[in-house]
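Chains as they are written, first to last, in our numbering: chain Z, 1 to 262; chain L, 1 to 99; chain A, 1 to 626.
Hints may be right or wrong, so weigh each one.
For lysine to aspartate or glutamate, the following EDC-like pairs were computed, each having C-alpha atoms within a straight-line distance of at most 20 Å [as the list claims (entries may be wrong)]: (1) 85(Z) <-> 92(L); (2) 25(Z) <-> 92(L); (3) 443(A) <-> 362(A); (4) 187(Z) <-> 125(Z); (5) 25(Z) <-> 86(Z); (6) 524(A) <-> 362(A); (7) 26(Z) <-> 54(L); (8) 24(A) <-> 78(A); (9) 443(A) <-> 302(A); (10) 162(A) <-> 302(A); (11) 597(A) <-> 93(L); (12) 597(A) <-> 92(L); (13) 85(Z) <-> 93(L); (14) 443(A) <-> 532(A); (15) 25(Z) <-> 56(L); (16) 26(Z) <-> 86(Z).
To spell it out: a stretch of chain A is covered by chain Z in this simulated footprint if at least three of its residues, at any positions, have a beta carbon under 8 Å from a beta carbon of chain Z; those stretches are [as the list claims (entries may be wrong)]: (17) 104-110; (18) 476-488.
Quick caveat, the hints were computed from the structure, so don't treat them as lab data. Each residue gets a CB set at the ideal place from its N, CA and C atoms; glycine is no exception.
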Amino acid sequence: MISPILFWCVAFLTVVPALSLLFAKKAVHIAMAIVAVMVGLAVAYVALDAPFLGVVQIVVYTGAVMMLFLFVLMLVGVDQREEMKETLVGQRWIALFGAGGLVALLISVIADVTMEPAEDMTSGEPDAVAGLLFTDYVVIMEILGALLITAAVGALVLTHMPRLAPRRTQKEQQRDRVLAGANPVNKPMPGVYARHNALDVPALDPEGKPIEDSVSRVLEIRHQMDTATSYRADLNDPSKRVSDKPEHEATAETDSEKGEDK
Amino acid sequence: MSPIAFVYLATVLFGIGAAAVLTRRNAIIAFMGVELMLNAANLALVAFSRIHGEIDGQVMAFFVMVVAAAEVVVGLAIIIAVFRARQSISLDEPAELKG
Amino acid sequence: MLDLTWLLIAVPLASAFVLILAGKRADAWGHWMGVAASATAFVVGFGAFLQMLGLDAESREHAVHLFTWISGGELTVDAGLLVDPLSISFVLLVTFVGTLIHIYSVAYMEHDPRRRIFFAYLNLFVASMLLLVLADSYLLLFVGWEGVGLASYLLIGFWNHKPEYATAANKAFIVNRIGDIGLIIAMGLLFANFGTLSFDEIFAEVGSVDTAQLTAIGLALLVAATGKSAQFPLQSWLGDAMAGPTPVSALIHAATMVTAGVYLIVRSGDIFALTETARVVVAAVGAITLIMGAIIGMAKDDIKKALAASTMSQIGYMMLAAGLGPIGYAFAIFHLVTHGFFKAGMFLGAGSVMHAMNDSVDMRRYGALRTAMVVTWVTFGLGWLAILGVPPFSGFWSKDKIIEAAFVGEGWQPWVFGLAALIGAGLTAFYMSRLFFMTFHGKARWTDDAHPHESPWLMTGPMIVLSVGSALLGWFLASGDRFTTWLEPVTGHAEEHDPVLAVPVIMTLTLLLVAVGVVVAWLKYGRADVPEEAPAPSLGVLVASNDFYQDSFNRAVLQRPGTHLTRTLVYADAAVVDGAVNGTGVGLLKLGEFLRKFQSGQVRRYSALILIAVAALIAGVVLGVL
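Chain Z with its partners taken away, still in its complex shape (with noise of 0.2 Å):
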């Protein structure tokens, strides 16, 4: 027979997880805890001579159908908390109610029969199965089969976003542009300055003015924009200048009128 540690291990592994339905805040804790009490009840199945069922169990649930669950709460927002207040009136009592009764009269009805488990029993192994689903109840199989399908594309239908309007064609999209006053080619490359060719800074107009458009709005909107001013004035300061030359003639260069300057 079945050994009451075991019993009372798949309990406490299937009860105290499921509470968390009622009471945790988080509803990815409670996806995580019914987890658990799935594969409690796969325990459960195969110490009730169903093994075939108990695998089934831990692949559909805990490896489908929960992780299904978790995709939509990271969809939704995964970190949505529930307020634990209640809202409709009287409805927690009728709640507790409800259940408890159904609970209490359940029990006392399944108290009240006395039922003799059967001595032996063919063991729910996968081919034992399979050899009543494809016999006996091969139409359901048949009909589940089309169920499923139909599920299937079900939620595609349902999850389907119509295009509401026809999509814009490129031409169209800068036709839209030109037309509200958008400078009709491309934005200048930024840091086109003479001897600089930095992403940060600026490319400068004929006049010398620096084109703010040219640079990347990111970097704006981040503070990390430079100006050609602090170029130029760089430029000045002998001190700072960058050389065209390759870096071991720059060197070589600096080396030389520092040596000029002493």
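Given the coordinates of chain Z, work out where chains L and A should sit on it, guided by the hints.
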């Protein structure tokens, strides 16, 4: 220990699931309550299968799992559609059916 | 030509439809098309008449089968036409007078924007009337009967923008419905007794049916006739029917439609021949109406209403004659034809006068019109002499024959009916002379804006033709008993009976009374001044000018209890039937209001309800309640 114990366990789990459905406002959590109720029923089926010594009950439980899987897929799709429409998955908000 | 008689009905009917459906584009020529349709009908009718003249008296009855109309079990009705001397006489009267009045209307309605519609209605009337007289079964006759009723209704209410005119049209329609119910009952009785509604078959078997049944049929037919012919007690609509344009009054409410009742009685002569009771009632109704109409006519100042009262009275004569049996049938139809001519002529004359006097109908504001309207005066005068029964004008030949026939018989009847007819002649002389003198003689009492002038030739032409007929037709038809011989195949040969008074005595008495009536009228309304405003009426005048308070009587005795009855029923309907229905509704509503509270829109409440319900079900099963 008789398998009937698992039926009691199933009853308790069913009650917890039902209470969750009635009390939780988050649609996903309520939905998980529904799943727990289904699994409680499955447990009862398997337990009775053991008591009767037939594996037909297991096949029934298997069918329930398949239907539950289909139901989860559609249910979650509905939740997503509702979330897209109103940026919320609270069960209390869609009260358009109020008479 | 006899087989083409269906054209008589088809042509005016098609014309009516074209005129209505063609819309405004037919405004320019529509009235002439109406005239042409009516004239075509006359030509066809005249052709049929000529062909019939060429036949033997015995073979002058010609049946034209059109199509099987109703074929259902025991009742099979063929739509067919019966062309015999009686119907062809009517055809000639209707189409001839009708065509003249069509022509007259072209001028009379010239300024009316809806003249085209008017002609459509007139054509519809002509078609219906011809269907009525040509039908070979009571059912087809009923179709025409209703058709003329409809046309009459439409034409009385032609100027329906005036509420009282529309009311008059409704009144005519509703009173006629009572008569129609009589006809329907008669048809039901006929079918129950004979299993058919065709004239031929009914008259062939009429001897084999119980007299009481025949009496019932005859009385039901009389009800129909009183409704259509404005006889007592259903006469009240005719005076108000004068709301219609004058040509309508001339054609429908004087010459043709109102005589349909007489036609019905004469046509059913074979039935009445076997039921003495019904015949006496017919004669009594005729006698009452002829006296009553004459008295009403004496008190009316409205020229058209006076003529309408006269029409009632004259049709009373015809009814009286029809009630006398075979001896009177021919004279009834004879008087009907001559009356159709002179009364239509006088109505057209009245229309001409109204035309000249700004549509005023008050005779007290007429006077001395003979100089202004010579043609109207002369034509009206001929009609006046004709209705008076002055020899040798038409009325003399027809009316005196009726008076003589009324004196024929045994017991009290010849005395009562004969004296009624005799007195009626005197009264007729008085009120027609009063009308004539007030209108054409005496001093001018015109309103200031009245400028009398003769009417255009389109109006005077028909009046002249009709006045010639008024003058000569009677003599022409009476000489050598032409008309009575002509009608003999239908009315049957009447044995000559001597009246209770000698014929010369009756004739002398009649002429004497007429002379007295004319002289009194001349003294009072010709020579003496007529006050422009009606003087305070004596009791008799008051009663007569209010149509013997028939309207008030109807209102008090029929309408008011009817109203109360319907009100009670409406109240009962509202309180009991509607109460139950509405109570159910309100109850369900309350129930819904209560149940609505459970429909909070809260999903969790719903699921709680489901859970509790499931738990309750389980508990029920466990406890053995369910």
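Consistency of the hints with the structure:
1. Restraint check for residue 85(Z) and residue 92(L): satisfied, since their Cα atoms lie roughly 13 Å apart, inside the 20 Å limit.
2. Distance hint between residue 25(Z) and residue 92(L) is fulfilled; the C-alpha atoms sit about 17 Å from each other, no more than 20 Å.
3. Between residue 443(A) and residue 362(A), the direct Cα distance comes to roughly 15 Å. Compliance with the 20 Å bound is thereby established for this hinted pair.
4. Simply put, residue 187(Z) and residue 125(Z) have alpha-carbon atoms about 71 Å apart, too far for the 20 Å limit, and the pair is violated.
5. A hinted pair counts as satisfied when its Cα atoms are at most 20 Å apart, and residue 25(Z) with residue 86(Z) qualifies at roughly 13 Å.
6. Using a Cα cut-off of 20 Å, the hinted pair residue 524(A) and residue 362(A) holds, with the two alpha carbons roughly 17 Å apart.
7. With a CA separation close to 41 Å, the supplied pair residue 26(Z) and residue 54(L) exceeds the 20 Å bound.
8. At most 20 Å may separate the alpha-carbon atoms for a hinted pair to count; residue 24(A) and residue 78(A) exceed this at roughly 38 Å.
9. In summary, the hint linking residue 443(A) to residue 302(A) is supported, as the alpha carbons are separated by about 18 Å, within the 20 Å threshold.
10. Using a Cα cut-off of 20 Å, the hinted pair residue 162(A) and residue 302(A) holds, with the two alpha carbons roughly 18 Å apart.
11. Among the hinted pairs, residue 597(A) with residue 93(L) is consistent with the structure: their alpha-carbon atoms are about 18 Å apart, no more than 20 Å.
12. Proposed proximity of residue 597(A) and residue 92(L) is supported: the alpha carbons are some 16 Å apart, at most 20 Å.
13. For the hint pairing residue 85(Z) with residue 93(L), the CA-to-CA distance comes to about 15 Å; that is within 20 Å, so the pair holds.
14. For a cut-off of 20 Å, the pair hint linking residue 443(A) to residue 532(A) stands: about 11 Å separates their Cα positions.
15. For the given pair, residue 25(Z) sits about 39 Å from residue 56(L) by alpha-carbon distance, which is inconsistent with the 20 Å threshold.
16. Of the pairs offered as hints, the one joining residue 26(Z) and residue 86(Z) holds, with about 16 Å between alpha carbons and a cut-off of 20 Å not exceeded.
17. Counting residues of the region 104-110 of chain A whose C-beta sits closer than 8 Å to any C-beta of chain Z gives 0, which falls short of three, so the coverage hint is violated.
18. For the region 476-488 of chain A, the stated coverage by chain Z is not satisfied: 0 residues place a CB nearer than 8 Å to a CB of that chain, which falls below the threshold of 3.
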